Amino acid sequence: MKVSMSVNGSPVTADVESRTLLVHFLRDSLGLTGTHVGCETSYCGACTVSLNGQAVLSCTMLAAQAEGAEVTTVEGLARNGELHPVQEGFWERHGLQCGFCTPGMIISAVTLLEENPDPSEEEIRRGIEGNLCRCTGYHNIVRAVEYAGAKMRGEAPAPAEWENA
Amino acid sequence: MSSTSVLGGVVRRREDPALIQGRGRYTDDVKLAGTAHVAFVRSPFAHATVGEIDTSEATAMDGVLAVYTAADVEHLGKLIAQVPVGTLRPLLNNGTVKHVGEAVAMVVAENPYLAKDAADAIMVDYDPLPAVVDLKHSLSDEVKVHDEASNTLISWVGPFGADEDALTELRDGIEAAKQREDTVVIEQEMTNQRLIPVPIEPRSVMADYQAGYDRFDIYSSTQIPSALAGALGKYFGMSLNQVTVKAMEVGGGFGCKLNVYNDEVLVAFASKQLGRPVKWTETRREAANSTIQGRGWIAAAILTGTRDGEILGFELEGIADMGAYSQNFTVAIPFLGLFVGSGQYGFPTYWKMDCVTTHTMTTDAYRGAGRPEAAYYLERIIDMYSREIGMNPADIRRANFISADDFPGAVSPMGFPMDTGDYATNLDAALEMAGWSGLISERDAARAEGRHVGVGLATYVEVCGFGPSGLVDLGFSWAEYQMPSAFNGSSLVRIHPDGSATVSIGTGPSGQGHQTTWAQIVGDGLGMSVDRIRVIHGDTEESPPSVGSFGSRSAAVDGAACFEATQKVRAKAARIAAHLLEASEEDIEFADGAAHVAGAPDSSVAWGDIAACAYQPHRLPEGLEGGLEAHSIFSPGNATWPFGTHIAMVEVDPETGDVDILRYIGMDDCGNVISPMIVDGQIHGGIAQGIGQAMFEDAVYDRDGNLLSASLVDYILPTAADLPSFELSRTVTPTDVNPLGVKGIGEAGTIGSAQTVVNAVVDALEPLGVTHIDMPLRPRRVWQAIQDARS
Ligand code: FES
Ligand code: FES
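Chains as they are written, first to last, in my numbering: chain A, 3 to 167; chain B, 12 to 802.
Treat the hints with caution; some may be incorrect.
[To be verified] Calculated from the model, a selection of chain A residues having no Cβ within reach of chain B, i.e. all distances over 12 Å:
(1) K4
(2) S12
(3) G33
(4) Q56
(5) E69
(6) A71
(7) E77
(8) E90
(9) R95
(10) Q99
(11) I109
(12) N142
[As the list claims (entries may be wrong)] Among the chain A residues that face chain B by a calculated CB cut under 8 Å, a handful are:
(13) T75
(14) T104
(15) C137
(16) T138
(17) G139
(18) P161
Because the hints were derived from the structure by calculation, they are not lab data.
Here the structure is a predicted model, which is why all the values come from computation and not from measurement.
Heads up, the beta-carbon is just placed ideally off N, CA and C, and yes, glycines get one too.
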């Protein structure tokens, strides 16, 4: 069957088997391998993409269900070579180690900050609860989201912990 | 106390720009034209004889390229293991399967969906047999895992190397102490439950056999690319220069990617048979059932001490679960626990762990590997002792530590020489950072309000960064994988004609930031910006052979090799620069991308010019060879022994059993620190995994050997909402076994944390009479313990 949607701002159309999951459509048909698969039970969040501005799990929906939607993956966040503030936050605050959870985590953080531009630590932790990370203990992911939030509000981010040491 | 880098400054990670933009390349991202895909048929029974395997329907399906069973691969032999004590795993099994998830057949098809459909169409007759899962039951040999052998594979006894007489004397001494009137004896059986490593990236392997060249390119999500290359060379009768293994980005490993797996061998086999690239990526359920697990001990700890805090003896006797087959390290994991069986203390210790098989998946190295288990028992029983005699848990530990004055030259009661240590200073720093007396008053105030708040403390020492190379003479080589020694580091530093540098190194990182750290070491040594330095790792064609990344060894062993290779290059470059600047070699300094003459700021020559000269032999000083590169193999003088103190404050809701971690403080000592940012990150992740064990994670097998927690719905990992921010600082006691003074930090957080949390929860419930709860401290279990204590 034919599916059409907008991915990272560009219209795409492709022929896929009807059982094709959105994540496989992105990874295999479009070659956007930034979106990862970490489980098959909608529990890890590695496959999170933005669908019409909402964070969704691309491993549990069919490509056909995204017909006509606006999809943003981690590859679509940087604009004109400028990192999205959330990407910058992850880099500046060591919010990733192996990086496998990172694309999904970043998309969740972007949608979180769009809904709540000034979240408390508690709200950040609840906001990314659906994304598992096995490497960071989440500590620096929280710092990364705080950094991005400050940047997006036009404030100066708090210094990195290792700068205080 | 200091947390600055020995090399100065923090560098943002160089691996991050790709990873945060979705441009990192993990194994499953590799696409080669004509790739075929694999699915496995796996046993649904823990113990069963395999009857007929009917592959006819699958073979006839469109798009199915091949179906393989044991008969097709038997000639390759069994899965090789470095410590081959026990029964080795068949690559595919058509005899008697020994655990749920054991591979019986393999399908190769045009795409993964078809492969899965075809695997589902294969009919296997199984005749189920009784399974043994319980460790005490296994010890009895009533049901055997392998007919030909006892379930008990080996018993590790400490002190290591002690003969019967010495052991008798030791045990008699402890027995005599128990009889004294001024002593108390604390005894507790405790479980250190099985865990599933769960890197978020499932394992994945792609083999590309190129018939025209008779060689393999293997892409694998592995921590040990060189060992995989060596193993495949053996299986297929190829030399090491015919097999290239590339571990590109690896999405977490934690020890479970520190095995050569049967699937890796089988995928390579299929590629060679079919002459096409072949790929397999495990599902999460397969990861649970067929990738190694960790921990799985039950043991009874007995502590004997005086009423004023002098510990006179510690005994630990238990059983460790090896699963069905022995893989890479399996029986060696409890041995790593024995290394630190007496912790950082000087008291007499008797330690015995029986390693038994069960009808479950193999256990092997999971972050900490034996050391978290050993530290858990020791620190829990000391905690019980401190409650019994009413002494502060910090004072009791301080009173029994091996003293800083005993270094250098300290030997642990388990019989192992230790490098450097200053445990009391570290403990005191932790108490000060936490504001210990303030914490206790806070706890007491909360208790006065009827809240159940507790404070827990635990100290640890661990052992990592193995060397020295001479361990091979004691039988600890990696010869099975064609690696003469697993205890060296290896690194090659090359200056290109334009003055840029490449360092290639045998590590196999899975998120530890090696792109950054090795560049920092080279950049610091050569006075060169890290932007001019490329790092190549995890690629057996480009990197000098080294064993990979595990056991917190990379910085202390390969990092040291990188440092030494850098020094060699620097020395040669200094000769060239001195020649070019007409200065004396001793006066040459490197900074800002150039060599300078000390005290003569105008006299300098850039790396590009030094390099250009190096590749024009006629311009070189007499007797100097052309080229500018160096290879170093580093063998450390000993393993390293990092240590630390962790403190947690928790609150328990007695109505629900919910545990809330209010504060978590870590004071670790890993010697010198290259990147404080990366080191802290390692500790954060390590603590989260220790808390995961303490509170959430549990690989549960039922009596029939079914894994009940094979999905992430049932195997509960900590989420961001479950954890607090961690408060970290460090003491710095450099090691003397490598030139960087670094000890390693990959596992310390995990080794120090589970018992810290359990100690805190038990402290919170002490007023109710709770003395111990087995992990994981999930709400129901905590609630039940409260009910039991109340009734
Ligand atoms: S891959 Fe795990 S939730 Fe989608
Ligand atoms: S960075 Fe490895 S899983 Fe999050």
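Now for the hints, and whether the structure bears them out:
Distance check on K4 (chain A): its Cβ is at least 19 Å (rounded) from any Cβ of chain B, clearing the 12 Å threshold; non-interface status holds. Its beta-carbon lying about 15 Å from the closest one in chain B, S12 (chain A) satisfies the requirement of being farther than 12 Å from that chain. With a least CB separation of 8 Å from chain B, G33 (chain A) falls inside the 12 Å interface cut-off, contrary to its annotation. No Cβ of chain B approaches the Cβ of Q56 (chain A) within 12 Å, the least distance being about 19 Å, so the stated non-interface status holds.
Distance check for E69 (chain A) against chain B: the nearest CB is about 21 Å away, which clears 12 Å, and the non-interface claim stands. No beta-carbon of chain B is positioned within 12 Å of the beta-carbon of A71 (chain A); the least distance is around 19 Å. Chain B draws E77 (chain A) into its interface by the beta-carbon criterion, the shortest separation being 4 Å against a cut-off of 12 Å. Its closest Cβ contact with chain B, about 8 Å, brings E90 (chain A) to no more than 12 Å, contrary to its assignment away from the interface.
Distance check for R95 (chain A) against chain B: the nearest CB is about 9 Å away, which does not clear 12 Å, and the non-interface claim fails. With a closest Cβ-Cβ approach of about 3 Å to chain B, Q99 (chain A) is found to fall inside the 12 Å limit, against its non-interface label. In this structure I109 (chain A) is not separated from chain B by more than 12 Å, as the shortest Cβ-Cβ distance comes to only about 10 Å. Residue placement check: N142 (chain A) does not keep its beta carbon more than 12 Å from all beta carbons of chain B (closest about 6 Å).
Hint on T75 (chain A) holds. Least Cβ distance to chain B is approximately 6 Å, under the 8 Å limit. This hint holds: T104 (chain A) has a C-beta 6 Å from the nearest C-beta of chain B, less than the 8 Å allowed. Taking 8 Å as the C-beta cut-off, the interface hint given for C137 (chain A) holds, the closest approach to chain B being about 5 Å. This hint holds: T138 (chain A) has a C-beta 6 Å from the nearest C-beta of chain B, less than the 8 Å allowed.
Checking G139 (chain A) against chain B by beta carbon gives a least distance of about 3 Å; that is within 8 Å, so the hint holds. Among the interface hints, the one on P161 (chain A) is violated; its C-beta lies about 11 Å from the nearest C-beta in chain B, farther than the 8 Å criterion.
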